Amino acid sequence: MPSTTKTALIQYSMTVGFSAMEGRGFYYPSDTAIGKDGRFYVVNRSLETVDRGVRVTMCDIDSEYYGTFGSYGEEDGQFVWASGAATDSQGRVYVTDEYLHRVSVFDSEGKFLWKWGTSGSGTGEMDGPSGITIDGDDNVYVSDTHNNRIQKFASDGEHLHTFGSEHLDLPWGLTVAPSGDVYVADWGNDRIHRFSPSGEPLATYGGSGRGDGQLQRPASVAVDANGYVYVADWGNERVQVFDPDGGFVIKARGEATLSKWAENFLKINGEEADARSRANLEPVIDFDPDDPHEESSHIEKLFWSPMSVKLDFSGKLYVTESNRHRIQVFQTAG
Amino acid sequence: MQEQDTKLIAHLLRRAGFGATQDELAAYAAQGYDATVEELLEPTDPRWMGDFMARRFHHEQSGMMGPWGSGDNWLYRMITTSAPLHEKITLLWHGIFATGYPKVIHGKMLSNQIRMFRRYGLGNFKTLLSELARDPAMIVWLDNYDNHKDAINENFGRELLELFSMGVGNYSEDHIKDASRAFTGWTIGNTEYMVLRSERDSDWPYGRISWHFDYQADDHDDGEKEFLGKKGRFDGEDIVDIICEQESTARFIARHLYHFFVADEPPVPAWPYTPPRDPAAIDTLAKAYFDGDYNISYMLRVLFNSDFFKAENIRYEKVKSPAEFVAGVLRLTGEFDRPRREIMDRGRQMLYMGQHLNNPPSVEGWRQGTDWLDTGSLVERINFASEQIGDLNRPGVKAMVDNISAGNGDHLSSSRLVELCLEQMGDISVSDSSREILVSYAEQTDGSPQGVAGVLRLLAATEEFQRA
Chain E
198 MPSTTKTALI
208 QYSMTVGFSA
218 MEGRGFYYPS
228 DTAIGKDGRF
238 YVVNRSLETV
248 DRGVRVTMCD
258 IDSEYYGTFG
268 SYGEEDGQFV
278 WASGAATDSQ
288 GRVYVTDEYL
298 HRVSVFDSEG
308 KFLWKWGTSG
318 SGTGEMDGPS
328 GITIDGDDNV
338 YVSDTHNNRI
348 QKFASDGEHL
358 HTFGSEHLDL
368 PWGLTVAPSG
378 DVYVADWGND
388 RIHRFSPSGE
398 PLATYGGSGR
408 GDGQLQRPAS
418 VAVDANGYVY
428 VADWGNERVQ
438 VFDPDGGFVI
448 KARGEATLSK
458 WAENFLKING
468 EEADARSRAN
478 LEPVIDFDPD
488 DPHEESSHIE
498 KLFWSPMSVK
508 LDFSGKLYVT
518 ESNRHRIQVF
528 QTAG
Chain C
2 MQEQDTKLIA
12 HLLRRAGFGA
22 TQDELAAYAA
32 QGYDATVEEL
42 LEPTDPRWMG
52 DFMARRFHHE
62 QSGMMGPWGS
72 GDNWLYRMIT
82 TSAPLHEKIT
92 LLWHGIFATG
102 YPKVIHGKML
112 SNQIRMFRRY
122 GLGNFKTLLS
132 ELARDPAMIV
142 WLDNYDNHKD
152 AINENFGREL
162 LELFSMGVGN
172 YSEDHIKDAS
182 RAFTGWTIGN
192 TEYMVLRSER
202 DSDWPYGRIS
212 WHFDYQADDH
222 DDGEKEFLGK
232 KGRFDGEDIV
242 DIICEQESTA
252 RFIARHLYHF
262 FVADEPPVPA
272 WPYTPPRDPA
282 AIDTLAKAYF
292 DGDYNISYML
302 RVLFNSDFFK
312 AENIRYEKVK
322 SPAEFVAGVL
332 RLTGEFDRPR
342 REIMDRGRQM
352 LYMGQHLNNP
362 PSVEGWRQGT
372 DWLDTGSLVE
382 RINFASEQIG
392 DLNRPGVKAM
402 VDNISAGNGD
412 HLSSSRLVEL
422 CLEQMGDISV
432 SDSSREILVS
442 YAEQTDGSPQ
452 GVAGVLRLLA
462 ATEEFQRA
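For the protein sequence lines, the chains are E and C, in the order given.
One gets the numbering used here by counting positions in the first sequence from 1 and adding 197 to each.
One gets the numbering used here by counting positions in the second sequence from 1 and adding 1 to each.
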């Protein structure tokens, strides 16, 4: 275990992203997958029926933009309720669709390769697949949300295993830790559920509430090499970190700054930039203290609907915020 | 429980709610009429699908940047709530304090205004008006952010008196001016940036930022004002106080409640020149306004327990608004046992029927009554209801058909089948001519689930089902 202080465990670094209904930018991003060479694949839930809004945006931490793939619809390579994303050892990108009940697979440039999934509750069928993660052997784990279970598939969609149905309530994000254990954001139960590689329940983290170490409808989980657990505490509009034994370590509410794309926008739109410079973006308002969602809607730098936490190989933590159409990047000690 | 009592409770639930399934009706009937009124006014355990569920699957219902998220979210409330009167009163205030997206261009601020109506709509009218004057969406909708000490903007002051409280003919132009002066300095924080973004429909760089009320003392006209016979250095709160003391306000609110819950009145602009349909009822409600210290629940308790509300001759007199109609159908079909993409399609149906929530045709809101019905909108209503109610895949429809078929086999007479269908759809009464058509249709069915659903489907097309 590294010697580190709590404050050093998660250090704000930068913001990537920008609200855009199409093309360069994000619109209600629900998840980010980190691919080869650090390329991001950002899944945009967008608005239904916006043809080119429902898409995966490709970019990187330097805000380089590599295009998009996917669109609204039910054909191969299209999405209706795009949800989660993960990459495999070949750099392929797997995207779930909660409405079409399927997983679609693309190459690293966004070319559609294959898909699987049918609606239902039988073995291998899915009802609202959302979170997705891939282990070192390219096995694919999917949160089969409305069936309250995790399903494990081979990369071609062959069903391998099902677990968690006695423990989970509308599971969302999930990850395979370096140890091989599977951590699931057990959304409806306000906790993180940890399973062995074979699906045996091992531990839970969190529990309902707003206090330190408590969770409210967690959306996503990431685990570093030292076993620290990073949680998108979605209902509390924050990120929390637990130690390997489940003890509370630190929480963060967000501290976004202008991304390169945001700076570019304000540079071009001087009138808005001027008005913005005269505005107090952190006004003191008499909030209902029980409503962090409301607070986040007023204070732009705070996390608002943090749906996904992902770690890259260098220990950077990417927090994807749906309602703010951006990713806040933190450096962890991991 | 007497049949007439059940019919009366069904009437109450059509007016104070969105109708009721047979099971809901039975549960209310077991409590009795008076207890049902109390439960509607003060629900013991109000529940609905919940914001977390809605936001989890409908991301625009979380960020609410555009014109649809707020209305779709509200439709979920209407469909799944156990406290339907709160949604009805919210619809009433939304129709009166009509605020729309095309100028506000901020779905969340419209949704927050709806939330404010839900929170205060059954309480003290003074509190409601006071909250309204502070509501950021209203401040932008009626330009009060542009109402300055040295240059007043009368939009809010005028509508406050004309449309929101007293009605035309009860105040002068000078009163409008002095009321407007009293609301100078009542604006939203970061006015310049927020209004600029609104005007440009800018959600850049990171989505919309919620607005908050801001009182700017240095832009407030603190001078003496003269308002409705009183003099003083009035602030907005004082103006609201004086408005609420007026007999004209009591009668205006009384007439709105009658119009919404009892029977259709002429459109609001005609009120100064057209006597109420039932002057004694307005007198009763205006008295209740003062007796209850401006409390809306107090007025509604009087209304729901009055003879003029219980009277047979006002039943099925009101045309359901599209929102009431769509919500009523979807409560029967039970389609939204969980968030589903289809809420968007169902919500759009309201638009085709003539009502887009959060987007009223003008500051006067929507006209009620038969104005809802023209050839096009009636076809939309009938097609929508028939399609939904006739779909055996909907759990609510299947349950109704199962209830009708249970124990009856294929041996139901056609008239009995029609009776059971009317009961399942919320104990609806129909005219003899409607019944004749239904029985005639039922005679041609084979008693299969599809056949029973066919009768339900036809029932959804009757005139009585269009009305409450």
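Heads up, some of the hints might be wrong.
[Unchecked claim] Covered by chain C, according to a simulated footprint, are these stretches of chain E (three or more residues, beta-carbon under 8 Å):
{"id": "1", "stretch": "454-463"}
{"id": "2", "stretch": "476-483"}
[What the hints assert, rightly or not] Output of the computed footprint for chain C on chain E, the stretches with three or more beta carbons under 8 Å from beta carbons of chain C:
{"id": "3", "stretch": "398-405"}
{"id": "4", "stretch": "466-473"}
{"id": "5", "stretch": "495-501"}
Calculated from the structure, these hints are not laboratory results.
In this text the structure is predicted, and so the values were computed from the model without any measurement.
The C-beta atom is built at its ideal place from N, Cα and C for all residues, glycine as well.
Comparing the hints with the structure gives:
1. 454-463: holds (count 6)
2. 476-483: holds (count 5)
3. 398-405: With 0 residues close enough to chain C, the hint is violated.
4. 466-473: holds (count 5)
5. 495-501: holds (count 3)
Consistency with the previously given hints fails for number 3 only.
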